[in-house]
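Participant: I would like the entire structure built from these sequences, with the hints used as guidance.
Chains as they are written, first to last, in the numbering used here: chain A, 275 to 576; chain B, 275 to 576.
Hint data in this document are derived by calculation from the structure and do not stem from the laboratory. There's no promise every hint is true.
[Stated by the list, open to error] Taking beta-carbon pairs under 8 Å as the criterion, some of the chain A residues facing chain B (in silico): (1) Arg363; (2) Arg395; (3) Val399.
Using N, Cα and C, we set each Cβ at its ideal position, and we do this for glycine too.
Protein chains: 2
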Amino acid sequence: MSATDGGGAVAVLHTVAEVRAWREEQRSQGRTVGFVPTMGALHAGHLGLVAAAGEETDAVLVSIFVNPAQFAPHEDLDRYPRTLADDVRKLAATGRAVTVFAPAVSEMYPRGISTTVAAQRGTFVEVRGLSEPLEGGTRPHFFRGVATVVAKLFHIAGADVAFFGQKDVQQCCVLRAMVDDLFFPLAIRVVPTARDPDSGLALSSRNVYLTAEQRARAPAFYRGLCRARDLFASGVVARDELLAAVRDEAAQAQLDIEYVCLSSPDDLAEVQEVGPGGAILSGAWRMGSTRLIDNILLGFEL
Amino acid sequence: MSATDGGGAVAVLHTVAEVRAWREEQRSQGRTVGFVPTMGALHAGHLGLVAAAGEETDAVLVSIFVNPAQFAPHEDLDRYPRTLADDVRKLAATGRAVTVFAPAVSEMYPRGISTTVAAQRGTFVEVRGLSEPLEGGTRPHFFRGVATVVAKLFHIAGADVAFFGQKDVQQCCVLRAMVDDLFFPLAIRVVPTARDPDSGLALSSRNVYLTAEQRARAPAFYRGLCRARDLFASGVVARDELLAAVRDEAAQAQLDIEYVCLSSPDDLAEVQEVGPGGAILSGAWRMGSTRLIDNILLGFEL
Numbered sequence: 275m276s277a278t279d280g281g282g283a284v285a286v287l288h289t290v291a292e293v294r295a296w297r298e299e300q301r302s303q304g305r306t307v308g309f310v311p312t313m314g315a316l317h318a319g320h321l322g323l324v325a326a327a328g329e330e331t332d333a334v335l336v337s338i339f340v341n342p343a344q345f346a347p348h349e350d351l352d353r354y355p356r357t358l359a360d361d362v363r364k365l366a367a368t369g370r371a372v373t374v375f376a377p378a379v380s381e382m383y384p385r386g387i388s389t390t391v392a393a394q395r396g397t398f399v400e401v402r403g404l405s406e407p408l409e410g411g412t413r414p415h416f417f418r419g420v421a422t423v424v425a426k427l428f429h430i431a432g433a434d435v436a437f438f439g440q441k442d443v444q445q446c447c448v449l450r451a452m453v454d455d456l457f458f459p460l461a462i463r464v465v466p467t468a469r470d471p472d473s474g475l476a477l478s479s480r481n482v483y484l485t486a487e488q489r490a491r492a493p494a495f496y497r498g499l500c501r502a503r504d505l506f507a508s509g510v511v512a513r514d515e516l517l518a519a520v521r522d523e524a525a526q527a528q529l530d531i532e533y534v535c536l537s538s539p540d541d542l543a544e545v546q547e548v549g550p551g552g553a554i555l556s557g558a559w560r561m562g563s564t565r566l567i568d569n570i571l572l573g574f575e576l
Numbered sequence: 275m276s277a278t279d280g281g282g283a284v285a286v287l288h289t290v291a292e293v294r295a296w297r298e299e300q301r302s303q304g305r306t307v308g309f310v311p312t313m314g315a316l317h318a319g320h321l322g323l324v325a326a327a328g329e330e331t332d333a334v335l336v337s338i339f340v341n342p343a344q345f346a347p348h349e350d351l352d353r354y355p356r357t358l359a360d361d362v363r364k365l366a367a368t369g370r371a372v373t374v375f376a377p378a379v380s381e382m383y384p385r386g387i388s389t390t391v392a393a394q395r396g397t398f399v400e401v402r403g404l405s406e407p408l409e410g411g412t413r414p415h416f417f418r419g420v421a422t423v424v425a426k427l428f429h430i431a432g433a434d435v436a437f438f439g440q441k442d443v444q445q446c447c448v449l450r451a452m453v454d455d456l457f458f459p460l461a462i463r464v465v466p467t468a469r470d471p472d473s474g475l476a477l478s479s480r481n482v483y484l485t486a487e488q489r490a491r492a493p494a495f496y497r498g499l500c501r502a503r504d505l506f507a508s509g510v511v512a513r514d515e516l517l518a519a520v521r522d523e524a525a526q527a528q529l530d531i532e533y534v535c536l537s538s539p540d541d542l543a544e545v546q547e548v549g550p551g552g553a554i555l556s557g558a559w560r561m562g563s564t565r566l567i568d569n570i571l572l573g574f575e576l
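Facilitator: See the structure below:
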């Protein structure tokens with residue numbers, strides 16, 4: 275499959291062997307490779323990552339793979355949007371030469387993969403400590419699945435630089451730690467969260483699940499984050515005051531908050547105030563059966 | 275530190291940055307790299323791995339690192355032999371140009387490392403299934419520590435081929451699975467076990483712990499393995515008969531057997547007979563506070 279709408283040539287590779295041959299070709303031409311791992315259902319946030327990769331590296335590889343290992347049996351693996359043809363068209367429309375790696379599950383997990391952790395066999399990567407708070411609280415399997423598939427993809431892509439969105443801030447911290455701890459020979463860049471220009475709602479592939487009514491209420495969480503950011507700018511560092519601002523906005527929109535936390539960027543442990551190294555203010559909320567997350571960084575950058 | 279006894283030039287590197295610079299130099303000259311990870315206390319078995327690496331690749335890197343993560347708190351981390359100067363002399367005496375990577379623990383584990391698994395923080399690699407039987411039975415922490423440090427070393431070395439000894443047969447299986455599952459871009463070679471030419475005792479850095487009396491009894495295990503191999507050559511495939519041969523020889527030498535198993539090469543599960551794909555006959559025994567292992571392959575090669 276390939277597409278050239280809008281002038282960008284998009285080649286779609288499906289096997290590890292094809293990607294390795296492509297990577298070898300780039301290497302032989304002295305071209306650096308930027309890598310953007312995604313689960314598809316591409317939106318402007320993903321395209322921003324592709325743009326950042328295109329700015330920094332010579333050749334851009336985008337993986338599109340809905341990774342079973344990061345879903346729990348009760349989560350939305352089956353209904354997660356899979357829109358490869360649309361995704362390829364969106365990438366082509368950027369006008370950039372991009373290569374897509376869209377493997378089958380059997381290509382990434384030749385021995386098969388269960389979403390039940392106890393039934394899993396084979397190699398898994400876990401980042402102890404950083405994986406446990408925040409998202410790890412309700413999704414204990416999640417970062418193990420993410421770290422494992424990203425380790426696989428890093429080895430397949432052989433990239434020089436990999437690009438991730440700040441929206442998944444804990445994922446960024448976990449993967450940075452994985453790269454540092456295991457000495458992966460690549461750099462990670464974190465790109466600021468892309469937002470709906472009108473409401474500020476963080477772009478997410480899961481936003482398509484929202485009803486119009488939910489979509490109208492969802493931006494309240496980010497309004498709360500912005501109020502907290504304003505408080506911090508005015509000198510407030512206390513956790514309780516910052517969280518209250520978020521919770522107040524969320525309550526006005528009747529958001530079903532799962533958690534709001536102020537966390538240390540070092541170990542993601544809860545902190546009582548924003549310290550000299552800054553802090554992450556993040557949270558998750560539910561709208562019907564959909565679960566959304568968002569965050570801001572206070573006093574530091576990733 | 276460097277040594278040139280016997281004509282082989284041995285450069286000793288201590289930091290990840292030094293190895294990366296060395297690797298880049300090899301790459302720029304189009305040289306392939308062979309990698310031999312060791313815990314030092316080098317014997318003829320290790321030198322055989324270095325020779326195999328020298329035959330197959332252009333430049334050989336030997337790591338010497340006693341990895342705390344693969345020891346349990348009650349094991350012999352503290353008394354494990356550390357003989358870097360001797361090791362470098364032995365490598366120099368081979369006459370081969372070899373580069374040694376001898377990092378400090380703080381270089382490999384900048385956040386520190388506890389031998390207590392529950393206290394560990396950071397990134398770990400586990401190979402579920404293959405890590406659990408055999409050695410994993412008495413050393414549940416072991417292959418997690420091995421897989422983790424080898425993943426680090428593979429990323430640091432950037433090697434094309436890595437060489438391991440068959441004596442640690444389960445380690446070979448676990449690391450092959452890790453390389454396959456995570457798509458590490460390198461090949462693994464398994465080199466036959468080096469043995470004392472007179473007694474057949476498998477060479478091991480832990481043999482130095484043995485008293486003269488223990489050293490005299492230790493070869494009985496391999497004699498048992500050889501009896502089992504002869505039985506297999508004569509058509510015997512039944513587990514019970516093969517194990518009885520090993521246990522009989524071991525009993526005659528009053529070896530304190532921990533286990534003897536006939537295992538499938540696919541998943542290391544116990545099998546009742548040697549199947550069409552062959553089987554591994556392996557075991558562990560204790561002599562005082564020293565624990566030794568050995569194995570043979572029946573009907574297949576690694």
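Participant: Would you mind marking each hint as holding or not holding in the structure?
Facilitator: Structure-based check of all given hints:
1. Interface restraint check: Arg363/A against chain B, minimum CB-CB distance 28 Å, threshold 8 Å, status violated.
2. About 4 Å separates the beta-carbon of Arg395/A from the nearest beta-carbon of chain B, less than 8 Å, and the hint is met.
3. Hint status for Val399/A relative to chain B: holds, with the closest Cβ pair at about 6 Å, below 8 Å.
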